[in-house]
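Each chain, letter by letter, is given below.
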Amino acid sequence: MNLDLLRPEICLAVTAVVVIAVDLLCRHKWLVTVVSIAGLLASAGLALSLSGGASQSIGNGLFALDAYAIYFKFLFLGITLLAILASVDYVNRLPKLNGEFHALVLTAALGAMLTAAAQDIISIFLSIELTAISLYALVAMLKNSKSSESAVKYILLGAVNSAILLFGLALVFGFSGATSLHGIWQAVHSIRPENIAENAGFLLGSALTLSGLAFKIAAVPFHMWAPDVYEGSPTPITLFLSTVSKLAGFSILARFVIMTMSFQSDALSNTFGITLAVISAASMTAGNLLAIKQHSIKRLLAYSSIAQSGYMLMLIATAPINSSPSTDGYGYSLLCYMIAFALAELAVFTVIIIASKHADHDTTDDYAGLAKRSPLLACAMTLGLLSLMGMPPLVGFLGKFCVFIEVAQHGLVWLVIIAVVNSVISAYYYLKIIRTIWMEAPASTDNIKSSIAPKLVLLVSCFGLLLFCVLPMLLIKYFEWLGLHY
Amino acid sequence: MNIGLTHYLVLSVLLFGIGLYGTLSRRHAIVVLMCIELMLNAANLMLVAFSRYVFSHGGQAIVIFSLVVAAAEASVGLAIIISFYRQRKNIDIKDIDLLKW
Numbered sequence: 000m001n002l003d004l005l006r007p008e009i010c011l012a013v014t015a016v017v018v019i020a021v022d023l024l025c026r027h028k029w030l031v032t033v034v035s036i037a038g039l040l041a042s043a044g045l046a047l048s049l050s051g052g053a054s055q056s057i058g059n060g061l062f063a064l065d066a067y068a069i070y071f072k073f074l075f076l077g078i079t080l081l082a083i084l085a086s087v088d089y090v091n092r093l094p095k096l097n098g099e100f101h102a103l104v105l106t107a108a109l110g111a112m113l114t115a116a117a118q119d120i121i122s123i124f125l126s127i128e129l130t131a132i133s134l135y136a137l138v139a140m141l142k143n144s145k146s147s148e149s150a151v152k153y154i155l156l157g158a159v160n161s162a163i164l165l166f167g168l169a170l171v172f173g174f175s176g177a178t179s180l181h182g183i184w185q186a187v188h189s190i191r192p193e194n195i196a197e198n199a200g201f202l203l204g205s206a207l208t209l210s211g212l213a214f215k216i217a218a219v220p221f222h223m224w225a226p227d228v229y230e231g232s233p234t235p236i237t238l239f240l241s242t243v244s245k246l247a248g249f250s251i252l253a254r255f256v257i258m259t260m261s262f263q264s265d266a267l268s269n270t271f272g273i274t275l276a277v278i279s280a281a282s283m284t285a286g287n288l289l290a291i292k293q294h295s296i297k298r299l300l301a302y303s304s305i306a307q308s309g310y311m312l313m314l315i316a317t318a319p320i321n322s323s324p325s326t327d328g329y330g331y332s333l334l335c336y337m338i339a340f341a342l343a344e345l346a347v348f349t350v351i352i353i354a355s356k357h358a359d360h361d362t363t364d365d366y367a368g369l370a371k372r373s374p375l376l377a378c379a380m381t382l383g384l385l386s387l388m389g390m391p392p393l394v395g396f397l398g399k400f401c402v403f404i405e406v407a408q409h410g411l412v413w414l415v416i417i418a419v420v421n422s423v424i425s426a427y428y429y430l431k432i433i434r435t436i437w438m439e440a441p442a443s444t445d446n447i448k449s450s451i452a453p454k455l456v457l458l459v460s461c462f463g464l465l466l467f468c469v470l471p472m473l474l475i476k477y478f479e480w481l482g483l484h485y
Numbered sequence: 000m001n002i003g004l005t006h007y008l009v010l011s012v013l014l015f016g017i018g019l020y021g022t023l024s025r026r027h028a029i030v031v032l033m034c035i036e037l038m039l040n041a042a043n044l045m046l047v048a049f050s051r052y053v054f055s056h057g058g059q060a061i062v063i064f065s066l067v068v069a070a071a072e073a074s075v076g077l078a079i080i081i082s083f084y085r086q087r088k089n090i091d092i093k094d095i096d097l098l099k100w
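Chains A and B, in that order, give the protein sequences.
Residue numbers for the first sequence follow numbering that gives the first Met the number 0, so the first one is 0 and each next one is one higher.
Residue numbers for the second sequence follow numbering that gives the first Met the number 0, so the first one is 0 and each next one is one higher.
Since the hints were derived computationally from the structure, they do not count as laboratory data.
Possibly wrong hints are sitting among the right ones.
[Said to hold, decoys possible] Which chain B residues face chain A? A few, computed with CB under 10 Å, are given here: (1) LEU4; (2) VAL9; (3) LEU13; (4) ILE17; (5) LEU19; (6) ILE35; (7) MET38; (8) ALA42; (9) LEU44; (10) VAL75; (11) ILE80; (12) ILE90.
[As the list claims (entries may be wrong)] Below, a list of computed lysine-lysine pairs in the BS3-like style, where the Cα atoms sit at most 27 Å apart: (13) A:LYS431 to A:LYS28; (14) A:LYS95 to A:LYS28; (15) A:LYS145 to A:LYS371; (16) A:LYS95 to A:LYS371; (17) B:LYS99 to A:LYS142; (18) B:LYS93 to A:LYS142; (19) B:LYS88 to A:LYS142; (20) A:LYS448 to A:LYS476; (21) B:LYS93 to A:LYS431; (22) B:LYS93 to A:LYS145; (23) B:LYS93 to A:LYS454; (24) A:LYS454 to A:LYS371; (25) A:LYS145 to B:LYS88; (26) A:LYS448 to A:LYS145; (27) A:LYS95 to B:LYS88; (28) B:LYS88 to A:LYS292; (29) A:LYS431 to A:LYS95; (30) A:LYS454 to B:LYS99.
[Said to hold, decoys possible] Per the computed footprint, the stretches of chain A lying under chain B, defined by three or more beta-carbons under 8 Å from a beta-carbon of chain B, are: (31) 148-158; (32) 417-430.
Where is the CB? At the ideal position from N, CA and C, for every residue including glycine.
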């Protein structure tokens, strides 16, 4: 057992416990924020000390320590750090919940980091649940009507989903006789075109597992929870749900698909690949079409993030068709898209956190004339939305372009055409918000006050969006430094 | 009659089906939580049965952990249902209608 390789995660777990103790024992509430940020930085430092080495497995194959896992460790730590900074003012308005908020956010981030590294049925299930259970409690945090309603929806649907996921994993375990993804891969390899019928249980298990994971990334038809939960939960938690929780779902979905779905029979690979491609096309189409009609900004962004899941799922759909049992197989485009997506969501949601006066009510009309009230907020929101849309100079375009090219190279040209049409549809509602911000008369003239920390987050995310579009080589250098192979 | 793997599998699939039907049809939030427990336990039963017949102890290890997860989920779920009850004085699933479309 080489548990010392889990030191970033252990550091984060200890920080979560220390945060609870500090909250109980100390009267200075700002100390909680300082401790959690220090813990996140320490964890990032420990992750840095692990990076660059050869791939290893931790705890008899429970977790992997490879470039892919380290990429997600840095990504999740970075997003969590920025999300905590962005919600400083928001949390100060809820003084009693300061400690719980930070401790639960840290455990959710811990679960996400473990999810990205998990390569065994046990660790996959446990780390997904660690993130999910922390988030159930966080969604319910406001204790008002909308927050508790969305929490009830989230936990009932989430618990049904985890039962389905566990049932699927049980079937996969039973028919392959192994709990590790590598063992499952060997069992998959022994499925020949002539003995498909004997392995029906395994295929059913894989399908149930994939639908369990599709719920986590809010892909159609498992997306129904997302708009309600995004709208009702506190905005910092909406930010967290749409970035960390969703990308954690993607990290394990990608690993599961790449490591296990390499069938010997072309018919099976095509069935799984095309099913994923259809889910992806349905997600972007439904997400974009339903977003057009929305008035609540958080609900609109929920549908937009369902569509974004569709774009990211495109590349995963190509994996069963061109099977290579390694997480390096996706190249850089998916990982680049994830960074672009996270930066854009951070910018947009931080603006909503700062600008919203009421925690549970936010229509797009409230943002009318935001440019006159606060140019910084308006610029950040515009940059974020343009990047989500895939406007050429921004990093969102870079990610989208690479994904489309790569998917087309793998032969799914029809999917790329649907995605391009969808990008055009999405431009309609993104540009509508931007027009509301810049062209319309302000709804009110009072100043938007905020402390320095959320503004810092805005600057960092906008700087990232602009920097990577001017110097995309930086991203490639970063991936090479992590040891990811193209 | 020998009780074999098939019997356990059929039982667990039946339990899972009953649980899924219950979650979809029941209106009381706590009954829904109970049905979810039924689904989780069906999966646990399947894991233990496979573990016995496939001769791999991995399945039993998962069950130990998944029992803990089920307990955590139930406790958070009950807490959330209580907070919902304080708002609405009611825990009927049909009344969860504030957020839609």
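Evaluated hints:
1. At a threshold of 10 Å, the smallest CB-CB gap from LEU4 (chain B) to chain A is about 9 Å, leaving the interface hint in force.
2. Evaluation of the VAL9 (chain B) hint against chain A yields a violated restraint, the C-beta minimum of about 12 Å exceeding 10 Å.
3. For LEU13 (chain B), the suggested interface contact is broken, since its CB lies about 13 Å from the closest CB of chain A, more than 10 Å.
4. Below 10 Å, beta-carbon pairs count as interface contacts, and ILE17 (chain B) has none with chain A, the closest being about 12 Å; its hint is therefore violated.
5. Given hint, LEU19 (chain B) at the interface with chain A, holds; its Cβ is 8 Å from that chain's nearest Cβ, closer than 10 Å.
6. At its closest, the beta carbon of ILE35 (chain B) sits 5 Å from a beta carbon of chain A; the interface hint therefore holds under the 10 Å criterion.
7. At about 4 Å, the closest approach between the beta carbon of MET38 (chain B) and any beta carbon in chain A falls short of 10 Å, and the interface hint on this residue holds.
8. With a cut of 10 Å, the hint placing ALA42 (chain B) at the interface with chain A holds, because the nearest CB-to-CB distance is about 4 Å.
9. Satisfaction of the interface hint for LEU44 (chain B) is found here, the shortest Cβ-Cβ separation to chain A being roughly 9 Å, below the 10 Å cut-off.
10. For VAL75 (chain B), the shortest C-beta to C-beta distance to chain A is roughly 5 Å, which falls under 10 Å, so the interface hint holds.
11. Of the supplied interface hints, the one on ILE80 (chain B) holds, with its beta-carbon coming within about 6 Å of a beta-carbon of chain A, less than 10 Å.
12. Look at ILE90 (chain B): its Cβ gets to within about 8 Å of chain A, closer than 10 Å, so that hint holds up.
13. As the CA atoms of LYS431 (chain A) and LYS28 (chain A) are separated by approximately 40 Å, the hinted pair breaks the 27 Å bound.
14. Restraint check for LYS95 (chain A) and LYS28 (chain A): the C-alpha separation of about 9 Å stays at or below 27 Å, so the hint holds.
15. A hinted pair counts as satisfied when its Cα atoms are at most 27 Å apart, and LYS145 (chain A) with LYS371 (chain A) does not qualify at roughly 31 Å.
16. In summary, the hint linking LYS95 (chain A) to LYS371 (chain A) is not supported, as the alpha carbons are separated by about 35 Å, beyond the 27 Å threshold.
17. Distance hint between LYS99 (chain B) and LYS142 (chain A) is fulfilled; the C-alpha atoms sit about 19 Å from each other, no more than 27 Å.
18. Distance check on the hinted pair: LYS93 (chain B) and LYS142 (chain A) sit about 20 Å apart at the alpha-carbon level, within 27 Å; holds.
19. For the hint linking LYS88 (chain B) to LYS142 (chain A), the alpha-carbon distance of about 14 Å falls within 27 Å, and the restraint holds.
20. Distance hint between LYS448 (chain A) and LYS476 (chain A) is unfulfilled; the C-alpha atoms sit about 38 Å from each other, more than 27 Å.
21. Straight-line distance between C-alpha atoms of LYS93 (chain B) and LYS431 (chain A) comes to about 35 Å, which puts the hinted pair past the 27 Å bound.
22. Restraint check for LYS93 (chain B) and LYS145 (chain A): the C-alpha separation of about 15 Å stays at or below 27 Å, so the hint holds.
23. Proposed proximity of LYS93 (chain B) and LYS454 (chain A) is contradicted: the alpha carbons are some 42 Å apart, above 27 Å.
24. For the proposed pair LYS454 (chain A) and LYS371 (chain A), the alpha carbon gap of about 17 Å is at most 27 Å, so the pair holds.
25. A distance of roughly 14 Å separates the Cα atoms of LYS145 (chain A) and LYS88 (chain B); the hinted pair therefore holds under the 27 Å criterion.
26. A hinted pair counts as satisfied when its Cα atoms are at most 27 Å apart, and LYS448 (chain A) with LYS145 (chain A) qualifies at roughly 25 Å.
27. Between LYS95 (chain A) and LYS88 (chain B) the alpha-carbon distance is near 24 Å, which keeps this suggested pair within the 27 Å criterion.
28. Note on LYS88 (chain B) and LYS292 (chain A): the hinted pairing is violated, with a Cα-Cα distance of about 32 Å set against a maximum of 27 Å.
29. As the CA atoms of LYS431 (chain A) and LYS95 (chain A) are separated by approximately 38 Å, the hinted pair breaks the 27 Å bound.
30. Pair hint LYS454 (chain A) plus LYS99 (chain B) does not hold up; C-alpha atoms about 32 Å apart against a cutoff of 27 Å.
31. Remark: the region 148-158 of chain A is confirmed as covered by chain B, as 8 of its residues place a Cβ nearer than 8 Å to a Cβ of that chain, reaching the required three.
32. Counting residues of the region 417-430 of chain A whose beta-carbon sits less than 8 Å from any beta-carbon of chain B gives 0, not enough to reach three: the coverage restraint is violated.
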